[in-house]
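Student: Quick mapping for you: the protein sequence lines, in order, are chains A and B. Residue numbers for the first sequence follow numbering that gives the first Met the number 0, beginning at 0 and rising by one. Residue numbers for the second sequence follow numbering that gives the first Met the number 0, beginning at 0 and rising by one.
Hints may contain errors.
[Said to hold, decoys possible] With a straight-line Cα cutoff of 30 angstroms, these simulated BS3-like cross-link-like pairs (lysine-lysine) come out:
{"no.": "1", "chain 1": "B", "residue 1": "Lys263", "chain 2": "A", "residue 2": "Lys57"}
{"no.": "2", "chain 1": "B", "residue 1": "Lys409", "chain 2": "A", "residue 2": "Lys245"}
{"no.": "3", "chain 1": "B", "residue 1": "Lys635", "chain 2": "A", "residue 2": "Lys50"}
{"no.": "4", "chain 1": "A", "residue 1": "Lys20", "chain 2": "B", "residue 2": "Lys635"}
{"no.": "5", "chain 1": "B", "residue 1": "Lys694", "chain 2": "A", "residue 2": "Lys20"}
{"no.": "6", "chain 1": "B", "residue 1": "Lys589", "chain 2": "B", "residue 2": "Lys578"}
{"no.": "7", "chain 1": "A", "residue 1": "Lys224", "chain 2": "B", "residue 2": "Lys263"}
{"no.": "8", "chain 1": "B", "residue 1": "Lys567", "chain 2": "A", "residue 2": "Lys67"}
{"no.": "9", "chain 1": "B", "residue 1": "Lys409", "chain 2": "B", "residue 2": "Lys485"}
{"no.": "10", "chain 1": "A", "residue 1": "Lys224", "chain 2": "B", "residue 2": "Lys589"}
{"no.": "11", "chain 1": "B", "residue 1": "Lys635", "chain 2": "A", "residue 2": "Lys355"}
{"no.": "12", "chain 1": "B", "residue 1": "Lys278", "chain 2": "B", "residue 2": "Lys263"}
{"no.": "13", "chain 1": "B", "residue 1": "Lys694", "chain 2": "A", "residue 2": "Lys283"}
{"no.": "14", "chain 1": "B", "residue 1": "Lys499", "chain 2": "B", "residue 2": "Lys298"}
I should point out that these hints are in silico values taken from the structure, not numbers from a laboratory.
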Amino acid sequence: MEDHDIDEDEFEFSRNYFLAKESGKSGKKSARKLSEIDLVDEQDLRAEVSKIEPKHEKEIASLIDSYKSLYNEWAFELQYGFGLLLYGFGSKKTLIEDFASTALTEYSVIVVNGYLQSINLKQVATAMAEVLWEQLKLQPRSASGGSIKSQQPFNSRSMDDLIAFLDGPHAPENESFVCLVIHNIDGPGLRDSESQHLLARIAACSHVRVVASIDHVNAPLLWDKKMVHVQFNWCWHHVPTFAPYKIEGVFHPLILAHGSASQSVKTATIVLQSLTPNAQSVFKVLAQHQLAHPDDEGMPIDVLFTSCRERFLVSSLVTLNSHLTEFKDHELVKLRRHSDGQDCLYIPLSKDALEKLVQEINQ
Amino acid sequence: MATADEVHISDNDLKPFFVLHKASNSQQHARKPVGRTSRKVKVNLSSSLAASDESQLLDDQLHKNSRMKNFHDAWVKIESTIKDVLHNINADVFNEINGWVQKSFGAICSSGKLDTNKATCSYPIVTDVTSNQIFTAFVVMSNIEFVDDLQTFADLGVHLQSHGCHMANLSSVDFSAKSGIGGCLRSLLRQILNGSTDAADISILASWYMEHDNYKNPVVVIIEDMDRCSASVLSDFILMLSEWVIKIPVILILGVATTLEAPKNILSSKAVQHLSPSKFFLGHPTDRLDAIIEAVLVKPCSGFLVGHKVAAFIRNCFLRQDGTLTSFVRAVKMAIVQHFLMEPLSFTVKGLLDEEVAEADAWPRQALDLPSCMRLSEPKSEALLSGASQMKEVLNLWSSVVLCLHEVGKNQRTTLLDLYDEALDPKLYNLRNSDHLEVKPDPQRPSWNYDMHGQSFERQKGGLISRTIRQIRDLPPAALHQLLEKWDKQTEGVDMIHEKVKELRLQEDDNLKEPPTRSRKQTIRNNGNSDKLSEKAAALITCMTREHMQPIECIPFHEIVCFRNADKLQAALVGDPRKRIQLDLLECNKFLKCSCCCTKSHNVPISSMHDTSLMYTLAQEHGNLINLHDWYQSFKAVISQTTVKDKHKSKVSPSPKKRKITAQPQIITEASAQARFCRAVTELQITGLLRMPSKRRQDYVQRVAFGL
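Excised from the complex, chain A in its bound form:
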């Protein structure tokens, strides 16, 4: 029995090895195109996504419910200086917020939505300081008279000041905590190392407790040992919920709507139509050249200039360059170095897409 398992493991291992090493060039690779699928229009697709019928609703609900029995344990760990890190497949947003509002009523709780694209941590720290200050203010003065200094509005303070305030001494009888809930601490808005260091510093403050969730399999790579052991001091909990990533996924483009030829053509047409007729014609010259020379790396600028001047589209290189800048800004045209060292221009679209685009603007 055991031998059998080992064999299976080995088989699995070698299979994975060959799967991973399978090179893109091998003949077996399927070359089917996405465009072969009859793709639904993006708007319809989005509408359809929001209407997807949930599967296993009951099971998921009871799974999430089963974690309720752990709330006390989590609160205990939190109280004694560990940070909670929840991971596992499925959105943990509702779970964590439910935990925070049932078991952490003694703390003030601030929620950070890490799945958003940009988050200003200074504002978060300011809000935390304000909440904490209110909390300390309500305490009996006896013990912590000195800790509340003359109040300067928090939003004009520096980050160091805010952290120093959050890391202030505790009144012996009454511990005040602010709990920072971070959904997707590995999310796009927080993924950079500067944010992580800042979060780690905040997490290490004496008045702060952190509950965070991660979804990315490589999230632990964000932290070094100091952050993991000393600052965040994570206590890991594996809590798969299988709940749909509704809000977390909103900002991701849909795979069947994005990147496909029809989509880029559509956006490119819209951009081109907003430009002057001359600019459109310059683009057409470039497009026709690219269609005529599909194997070329692109069109050298001087060639473009000559052919545009011949057609009275531009009078000087300056005008041409101003058109080109516009194209480049909208990613309609890109620059690359020709093998002979010359800069040349190309349109980053496939042949089909380009043909479609030329048709569209000709109409």
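Using the hints provided, position chain B relative to the given structure of chain A.
Tutor: Structure of chain B alone, referenced to chain A:
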């Protein structure tokens, strides 16, 4: 129906952050750190809660509170013990550094007297290039992992401050290329001037230094992790300090994690010229760890102990993964938290905690149900009564034997970590008792496989303990004498062993009383004597290990004080998202426990499976690139095909279960299939298991993980 299913996004979801709630007013009542209000606790911690009558509930509440209190006491004790141990270990080098700081300051003061005129002139007068030297200590850490030494440097700061120095502890974060020289200067000023300024101007420091009596003491700047600082910023900082050194005699202490060559390699040669270096060395992490193990785990200081598996896990973490004391201490803390959370009887730990054993320290009735009591031979009530005091006795015996063994092993650099681990092993103990120790315990001892806390670290055959014992025989008389002296000290207070050690020492004294003028024969005989003596010492320790070294897990009632769940500890300490998230997806049935997707062999895609799970299962068939078209087609095939089959089946045998499935929409429109596909891809993208199509390969996504 449709409206209910629509993505429900509230305003709060789209705000970068929001306040969920503020602390409730109930916390205004002075709240002990351990007690939580009973109202709040709906789910009781104790798992053994079956009867729900009120007295029981009240009892449970009381017990829970005392458990929390015990935890608190135990942890405070452990924390302070660790602090003391580290303090003692570092005391020597700290004093050495302090001496050097004072000497350097003296040297600076004697070379050029500081006066207000110089300090207030707009630019420091540089008399000659060699004079502006900065006294610098390179403190070499013997661990490339600098986390342990963060605390050491913090302690060093406190130590020097207590001797009057003006201290600033900086780290590589302050020396980042981004914030430049202004960043480190600002933190320096913040720390020395107590946060009264946010300007980055060193002249502020200079004028502050001249105020009051500040100039009577040196300014000491500690940079914890020099190796990680931005080289140019650090060089600039040093150059700047050297220009001002006449006004502000700064003394630098740089932590070096790599080699002493590092400063030369990192800093610009101009900056190096201005340093007048000295070296100091911090203790080795293994030594510190041994000291901590001795104080915290071998001598039962807190009423909390760990079992063999946990010890093995912690040991392996230290030896093979992390190598830091910080993670060791963290593991101990996590273990103790888990123990008091999981063990309902841990409310009685107090008996073991107190210095003098109280009368009422019998274990509670419920303790009789513990597995370790099942095999008790003596009358159970008596066992209960003797309770904690008896356990304490056994533990004391155990720890003194372990420490005696460690004394022997010290010469061969046997670490307490290894000895401790082996001494805790209940299997070895049982073997030792059945076998003769002299004969190798058992070369065929089953090698257990705990995944990560395993035994794979090869133990030389015969076991560490018997090897250590064998070493006694080879000891020269002088070393044996020292050893016996140490044993004498270690066993003090443990009468059973102490007597025997004393006896042995008396014999030794007799031997030494031999006349000093020795003929050759006598020398030989004397050697023979000492041989005999070492033989006796070996016999004694063998007997001690056999009789008194009873691991905690062989003692009745050990469950109350001993944490043994290594798996739980591992799961809490080191999450493994890469493996676990994939397993979630591949074996979603394990978690959802639904009736519909239950198949005999897992990894067979069925339409009722969670979409993302289904997609990931399908992805397993692909190589590192997944053709989106193929993937979509197979996904669509699975979700539609089985529905058809179910429909077909339901006609044949309309069992209620099947009918439920057919209640699902039968026709899957192209749009809804595409939508489900899109959502599953997005979810996989969120987990990081997929890389999205690049411009070059628009029709492919890339798989990231192969194998768990």
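Student: Take the hints in turn and mark each one as holding or not.
Tutor: Hint check results:
Using a Cα cut-off of 30 angstroms, the hinted pair B/Lys263 and A/Lys57 is violated, with the two alpha carbons roughly 65 angstroms apart. The suggested pairing of B/Lys409 with A/Lys245 is violated, with an alpha-carbon distance near 60 angstroms, which exceeds 30 angstroms. For the proposed pair B/Lys635 and A/Lys50, the alpha carbon gap of about 17 angstroms is at most 30 angstroms, so the pair holds. Annotation: proposed proximity of A/Lys20 to B/Lys635 holds, straight-line Cα distance about 27 angstroms (limit 30 angstroms).
At most 30 angstroms may separate the alpha-carbon atoms for a hinted pair to count; B/Lys694 and A/Lys20 meet this at roughly 22 angstroms. For a cut-off of 30 angstroms, the pair hint linking B/Lys589 to B/Lys578 stands: about 15 angstroms separates their Cα positions. At roughly 26 angstroms between alpha-carbon atoms, A/Lys224 and B/Lys263 fall within 30 angstroms of each other, so this suggested pair holds. For the hint linking B/Lys567 to A/Lys67, the alpha-carbon distance of about 18 angstroms falls within 30 angstroms, and the restraint holds.
Between B/Lys409 and B/Lys485, the direct Cα distance comes to roughly 12 angstroms. Compliance with the 30 angstroms bound is thereby established for this hinted pair. Restraint check for A/Lys224 and B/Lys589: the C-alpha separation of about 33 angstroms exceeds 30 angstroms, so the hint is violated. Between B/Lys635 and A/Lys355 the alpha-carbon distance is near 29 angstroms, which keeps this suggested pair within the 30 angstroms criterion. Straight-line distance between C-alpha atoms of B/Lys278 and B/Lys263 comes to about 14 angstroms, which keeps the hinted pair within the 30 angstroms bound.
Restraint check for B/Lys694 and A/Lys283: satisfied, since their Cα atoms lie roughly 22 angstroms apart, inside the 30 angstroms limit. A distance of roughly 21 angstroms separates the Cα atoms of B/Lys499 and B/Lys298; the hinted pair therefore holds under the 30 angstroms criterion.
The structure fails to meet hints 1, 2 and 10 from the earlier list, while all remaining hints are met.
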